[in-house]
Amino acid sequence: MDGTGRFGAGEAKLVVDGATKHYVTKTGVVHALEDYSMAVREGEFVCVLGPSGCGKSTLLWAMAGLHGLTSGTVRLDGEPVVRPHPQIAMVFQDANLLPWRSLIKNIHLPFEIKGLRPAEHKDRIDALLDRVGLTGFQTKYPRELSGGMQQRASIVRSLSVDPSLLLMDEPFGALDAFTRDEMNLLIEEIWLETGKTIVFITHSIAEAVFLADRIFVMSARPGRLSRVFEVDIPRPRPLDVTTTTHFIELVAEVKASIDHGKPVPAH
Amino acid sequence: MPSDSQLKDQIPEFHAKGGGDQEVSIANWSGVTGAIGGIRTWAEIAAIIGVAVLIIGGAELAIRGFEVPVYIMPPPSLILITLVTDFHLIAPHIGVTLTELIVGFSIGATAGFLLAAVITQFPFVEKIVAPYILLLVTTPMLALVPLLILRFGFGLEPRIIAVALASGPMVMINSATGFRRVDLAKIALARSFGASTLQIFIKIRIPMALPMVVVGLMIGSIFGLLTAVGAEMVGGSNGLGNRLAYYSSLIQMPQFFACIVVLALIGISIYVLFFWIGKRWASWES
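Top to bottom, those sequences are chains A and B. Per this note's numbering: the first sequence = residues 1 to 267. Per this note's numbering: the second sequence = residues 1001 to 1286.
Among the clues, some could well be false.
With a Cα cut of at most 30 Å, we get these calculated DSSO-like pairs of lysine-lysine [what the hints assert, rightly or not]:
hint: 1; chain 1: A; residue 1: Lys122; chain 2: A; residue 2: Lys196
hint: 2; chain 1: A; residue 1: Lys122; chain 2: A; residue 2: Lys105
hint: 3; chain 1: A; residue 1: Lys114; chain 2: A; residue 2: Lys140
hint: 4; chain 1: A; residue 1: Lys140; chain 2: A; residue 2: Lys105
hint: 5; chain 1: B; residue 1: Lys1127; chain 2: A; residue 2: Lys26
hint: 6; chain 1: A; residue 1: Lys114; chain 2: A; residue 2: Lys196
hint: 7; chain 1: A; residue 1: Lys140; chain 2: B; residue 2: Lys1279
hint: 8; chain 1: B; residue 1: Lys1279; chain 2: A; residue 2: Lys105
hint: 9; chain 1: A; residue 1: Lys105; chain 2: A; residue 2: Lys26
Hints listed in this document are in silico derivations from the structure and should not be mistaken for laboratory results. What you are looking at is a predicted structure, and each value in this text was computed from that prediction instead of being measured.
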């Protein structure tokens, strides 16, 4: 099944319709994305799962309006996304904090860009910092923070402008396993509390099964949608859900679909 | 897209603390400033004083012991005494050299920085301009001084122009390296929040370039000092370079070396000044 087939476009928060992206390089044309379609419901947590270099990031950057598509469209609430949209915020790989700014100045960056006064949003920023356990670290510089703390600061930066859609590009890929578990738990909690729509890119099957309502599996280049899995594990999901038989079966099922590799025709 | 850790390798670390385990290089600059600021134990202080006494005292003893004539090499004590007693003779020339340096460097550095900022935004223009910049960097601007004197006379103007021509390309070539250091992820971050091209330039590109700009300013000002002194030697009747030529022609070596000590102090002051500017504005640390 493909993403759009299940819902009318009217109900979906985010629709990707026939997204195709070709890059022209010195060695020829790279087909990064090929006729990729998916629809994300309001308030849904979706993971896009695929091997390295399958075009996941290309897809996410197109969703963020950071680059265009060769053909196809991205629509947010029915509106085409062709440039960065105020309702969309992105969390990047490796936190992507600016090393010359303190933590709080990093969080002020989107406000400065949008011409807003951070002081007027101080309560919101402070509440978010408190929520992720970074109160008291405002004046620290990124190099003084651990990888997990940097990524928490980056999440606060994205949430502080109150977007309705959060795009996360393998945000915890560089973290150690313990920190990663902790961050997965935190992002699930924040999602349950705020009701944001989240599109989360990962190449970890376990991470996808732990976090997602639905998992969109991508095939390797050219990036195509190969399968969609529903994850019916009830929320909130504690960390020890990963040791249950059901969880392990789901992981095995997703893994098998990737190993066999062949795109399953939509029906 | 390079990550922070990769970039760190290319970015001078002004924040680096002095200490035995730090590599001494132009990149962390701890050789001078770090050592001054980072001394921790009495043993280190004793060693530094001991070595200084050994070198200066050794020179004093050797010169006196071997009865080296003053017109060849005056002993350090005589240089120091001359510096104090004849300071009133040297002082006006310090002012002349500093004026040439500050005015010429300000013009050259401003032009170099602005050109680097503009040109790096247009890779094609950069390719065309690069050979000429390299030519300006590698050609000693001192060579132009006789020509400049013909056109502008023996006043400060030809020297200021020479200083600007020597320092500008140094500032430009280093600033351009800084501006070329593009981190696509950081630019994408700013764009994802709706930043304009100008906002990306001010909030991302300039801060990323700043450490290299400061290195360029430091190297440019040192080149400016060399050029100012050299230009004064070529023609005119004032400035520290002129005094060097004057005292050596009269074989007044204590005065000659006193001028050299002053020049060395100016050079070190420039180095320390830009180190602190780098630490304050481009260290990426409070």
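Against the structure, the hints:
1. A:Lys122 x A:Lys196: Holds, because 21 Å separates the two Cα atoms, which is no more than 30 Å.
2. A:Lys122 x A:Lys105: holds, 12 Å
3. A:Lys114 x A:Lys140: Between Lys114 (chain A) and Lys140 (chain A) the Cα gap is close to 24 Å, so the pair holds against 30 Å.
4. A:Lys140 x A:Lys105: Roughly 10 Å between the alpha carbons, so the hint for Lys140 (chain A) and Lys105 (chain A) holds.
5. B:Lys1127 x A:Lys26: Holds: Lys1127 (chain B) and Lys26 (chain A) sit about 19 Å apart, inside 30 Å.
6. A:Lys114 x A:Lys196: holds, 21 Å
7. A:Lys140 x B:Lys1279: The given pair, whose Cα atoms are some 16 Å apart, holds under the 30 Å limit.
8. B:Lys1279 x A:Lys105: Judged against 30 Å, a Cα distance of about 19 Å means the pair holds.
9. A:Lys105 x A:Lys26: violated, 40 Å
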